[in-house]
Structures are given as C-alpha cells and as structure tokens.
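Engineer: Chains as they are written, first to last, in the working numbering: chain A, 1121 to 1407; chain B, 379 to 663.
Derived by calculation from the structure, the hints in this document are not laboratory data. Warning: the hint list may mix true and false statements.
[Unchecked claim] With a straight-line Cα cutoff of 27 Å, these simulated DSS-like cross-link-like pairs (lysine-lysine) come out:
| id | chain 1 | residue 1 | chain 2 | residue 2 |
| --- | --- | --- | --- | --- |
| 1 | B | 472 | A | 1289 |
| 2 | B | 442 | B | 661 |
| 3 | A | 1316 | B | 644 |
| 4 | B | 528 | A | 1308 |
| 5 | B | 550 | B | 529 |
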Amino acid sequence: MTADKIFKNPKNLKRRKFVNSLMIFLCVVASVLTILPLLYIFIYTTQSGFSSLNIDFFTQLPKPVGEEGGGMANAIVGSGILLGIGGLIGIPIGILSGIYIAEYSKSFLASAVKFTTDVLSGVPSIVVGIFAYGVIVLTMQSFSAIAGGFALGILMIPTITKITEEMLKLVPQSLREASLALGVSRWKTTLKVVLKTASSGIVTGVLLAIARAAGETAPLLFTAFGNAFWQTNIDQPIAALPLQIFVYAISPYEDWHRQAWAGAFVLIFLVFIVNFLVRFVTREKYS
Amino acid sequence: MDIIPKKDEDFKEAEVLVSELEKEEDGDDGTGNIKTKSAVLTTDLSVYFNKRPAIENINIKIKKNSVTAIIGPSGCGKSTFLRSLNMMHDMTPKAQVFGEIYIHGENIVNFNTVELRKRVGMVFQKPNPFPTMTIYDNVAAGFKLNGIGKKSELDEIVEKNLVNAGLWEEVKDRLKSPALSLSGGQQQRLCIARTIAVNPEIILMDEPTSALDPVSSSKIEELIYNLKKEFTIVIVTHNMQQAARVSDQTAFFYLGRLVEISKTRKMFTNPKEKLTEEYVTGKFG
Chain A
1121 MTADKIFKNP KNLKRRKFVN SLMIFLCVVA SVLTILPLLY IFIYTTQSGF
1171 SSLNIDFFTQ LPKPVGEEGG GMANAIVGSG ILLGIGGLIG IPIGILSGIY
1221 IAEYSKSFLA SAVKFTTDVL SGVPSIVVGI FAYGVIVLTM QSFSAIAGGF
1271 ALGILMIPTI TKITEEMLKL VPQSLREASL ALGVSRWKTT LKVVLKTASS
1321 GIVTGVLLAI ARAAGETAPL LFTAFGNAFW QTNIDQPIAA LPLQIFVYAI
1371 SPYEDWHRQA WAGAFVLIFL VFIVNFLVRF VTREKYS
Chain B
379 MDIIPKKDED FKEAEVLVSE LEKEEDGDDG TGNIKTKSAV LTTDLSVYFN
429 KRPAIENINI KIKKNSVTAI IGPSGCGKST FLRSLNMMHD MTPKAQVFGE
479 IYIHGENIVN FNTVELRKRV GMVFQKPNPF PTMTIYDNVA AGFKLNGIGK
529 KSELDEIVEK NLVNAGLWEE VKDRLKSPAL SLSGGQQQRL CIARTIAVNP
579 EIILMDEPTS ALDPVSSSKI EELIYNLKKE FTIVIVTHNM QQAARVSDQT
629 AFFYLGRLVE ISKTRKMFTN PKEKLTEEYV TGKFG
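Produce the entire structure from the sequences given, and follow the hints as far as they go.
Structural biologist: Structure, rendered in structure tokens:
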C-alpha cells in the first residue's frame, strides 16, 4: 500500500520528528519573547522607582521646583477620579452595546454599531482627546476632570463592547433556549443567564479597558490638564498620574526624574493590584 | 415568527378531516369537541425557513397523558415540528409558521410566548443545566429567574421534583454543589426536574437520550413512563426501540411530511404505509 509505504518509511519518520521538534522550539522562543519585554519593564521600573518611594509620595503634594521631597497624592487621587468618571461612561455603554450586538445582531443598527466600534478602537487616543476638548472643554470654558473622564470613557467603549460581544457569543445557544423554554422572558434570560454565564470574561474585558485608560496620557493633556494642588471638584483641572509622570520625566531636575520613576512604578502596581483583586472576587466558582 | 391564521372555512375542513380520523381510531361517537379533548392538535401546520418548507401540512392530534414518539430520518422535520409547539421558532429569523396549533383547545396565537412555554416545557438533546447555578438553583430556575417563590416553597418544590425525576437519592446531600459536577445522565434528569418543576401540561423532548449511555438512557425511559401519569409527552427519537418501548402512539415523518401516525404497536407490527414499514425495519434511514 502507498499509505503504508509513506508512513513506515524511516526517512520520513525522522524528518517528521525533526519538523515537530523545530516547531515546538519556535513556539517556546516566541513565548519567551512575549514575556521578556514585560518582565524587563517590570524589573526596570521597580529598580528605578522603588528606591524613590516613601510614605511622602502617597501623602504629600508636589513641592515647588528646587525643594526636595514631596509626593503625588493629588495625582493618585486624580487618576482615581478620572477613571471613575470614565468607567461610569464607558462601562455601561460598552456592556449594553455589546449585549445589543451579540443578542440582536440581525438588525441594521447592530451592524452599524459593530462597524463603528471597530473603527473607534483604531482611532489614536490623542484624537479622542481633541474631541473631548471640542465637546466639553470649549463648552464649559475650562479644563476639567469631567472632560478627562469623558475622553477616557470613550476610549474604554470599543474594548468593552468588543469583549462583551465575544463573550456573549461564546454562551451556548442551548442555555438561552433552556431558559426561554422555562417561560422566562427574553430580557430576564439575557440578564440572569447569558450575562451571568459570561460575567468573568466581561469583567476581564472591563479590567483591560480600565488598565489601558489608566496609562493614557495624550487624551488628558488638554482635557484634565493636570494640577499641582489638591483638587476634587470635577469641574476643575485635575492631576493624573500619567500626566505628572510625563511632566516630571521631561523636566531637567534629577529629583523629579526619580519621582517620575516612582510614579511609573505605582501606576503599574495599582493596575496589577486591581487586576488581581477583581479576578479573585469573580473567580470561577462553578467549574 | 409569523403565524398567519387561516380562513375559517379552511379550518372547518381540517377539523372534519381530523375528527374523522379520530372516529376511525378511537371509535369516537363524534359528539365530543376534538379541540378540547386533545392535549395538542395541529391543523395544516407548516414551517418555512428562508421560504423553504421544513415541514408541510402536518395534522396531528395528541391525547392527554399519553406519550407520542416522533421518528424519521435526519432532516425530516421532527425537531422543527416539536419546536413549533412551544414557539421556539420565534428565536430564528426568517422562520414562518402557518396553520394552527391548539393546546388543550386554545389556539397558541392567543398566548404570549412566556405563558405558552410555562404550559409547554422542553427537554433538549444535550443536557443543558445552567453552569453558573447549583443543583438546587437549577431545579428552582423557573421560579428564581422569574423572581418568584419563597424559600420554604422552593425547598418543597425542589425536593418533590428531584424525587419525581429519580435524582433525589443521588443528590440530596449536595444540593449546593454546582450542576456541572453531575454526570451526563444525572444532568439530563436534572433538566427534566427543572422542566417539570414549573408544572407544565405538555413536555417536549428532543432526543433526550442521544447523548447518554444505555444505563442512563433506560433511567430516562423509565422516568418518561412514570411522568405520563401527570404530563402529556412528545418525544423525538432516532432510536426505534426507544419509540417502541416508551410511546403510546408513533408518528413517522419523512421529508417534512407526516407519513403515518398510529398506535405504536400497530406502527411497528402492521404499518399502513410501505414507506413506514421500510423505515421501521431498517431498509433505509
């Protein structure tokens, strides 16, 4: 038989084994290359940032030029406020439109939304910043946390919509039918069965969007603007970690450089902590 | 889904046709109203997907507290027929349903789907318990998802229906475990418990044992036999022996048409149609 000839030929077998190990080797190399940059960034920021970190960093306001010390307390709180406003805008809109696309995908509006989110996810973040400037800052006649949060919220929408859609599509049709067949209405089925089954995936998507937004600098430059003082009024310019890092990093002062590193470290660490906490809270309880 | 009611005359014609059929089979004296006597009655039921017919002109009458098996080769419209009985087709875009379906004498166009599905429950081919819920919550799902029922009432309902589904002894100590920790056969019995918990009048079963091993299957068959006392059951099956074991009457579908419907014993020993005989003896299909 020809098949036997091919399969039992020792030369072929040797070649196939070689190709097999080669491909596995390439996969391992690629995997290592994926981890390396992240590991390098993490180690480098920890090394440079951790040493400049002290309690003052979390409790003090920035000191004027020339004075040693000071911290970024206002920027940390400011980032929190900005992300909060962004989340309030981006999370509901993202999740609801994701549900609409996934559950009612046959309508014209759904395909329009789908196309728009795809395009929106490719729009550079600075363009979103300019948009927020035009819509909010010019109308309010002032830089503000609202404008910054608005820009971050818009940046979160495409990520959250896309991941919600993908996660809902992974929920087997049979579960929807099981619920409907019990005499449960469509919206209760969507809310209590479909959304709940997909919840851990959606939470991951929301986290990803928040983490991305937390590090955004460009859209905040002419919306939140930054602030060297305490500010918790959301209609006033507000400080944010990435902005503060940006300002300090391009400054000529050695002390500010150290603080910028510390800020970068704190930013990465906070994102990491949020990720970890939410994952812990929403861990799979049922598998 | 569109249900397009037919004209009155059309319906009368069908009614005469079906009542003749009934007289012939049951020796009916012709006085009883056929619509109220049957648990399920369809007249000229046709379902189209994308303008293409999946089933055409199906006239079936199903008695209360009986088991009706629907057999036929793949793609003959068995599931389509079954799913039209609880309006599952309204989830499918481009599905059209023509003709009438009566549940205990009431035309289903008069129900909303939620109300209809409470009266016509369904068990699916693959066990599909809700993965995010416990065993307890799955049985109570019909109540919990609708946000009704007190804790003490639900406790009672869960126990009673798990007993009826023959699962109580196996799970009574772990009602709070996830439903997916059960075996496939147990999951399917859990799904049956979930379905009967909302106390429907009719239970539709779409090949409920095709994903199960023989032992689990025989447990389900036994269960079907017991459930007959309280419910009317319509079961689609690929397994001819199963149809012969569990059902009172059997309907044979072929290419979207109802070829023959008669008492199960007659169907398997002395069918009217040659096509039926060839199918049940395994000459094709």
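Engineer: Confirm or reject each hint.
Structural biologist: Now for the hints, and whether the structure bears them out:
no. : hint           : verdict
1   : B:472 - A:1289 : holds (20 Å)
2   : B:442 - B:661  : violated (33 Å)
3   : A:1316 - B:644 : violated (49 Å)
4   : B:528 - A:1308 : holds (19 Å)
5   : B:550 - B:529  : holds (17 Å)
In terms of the numbered hints stated before, the structure departs from hints 2 and 3, listed from lowest to highest.
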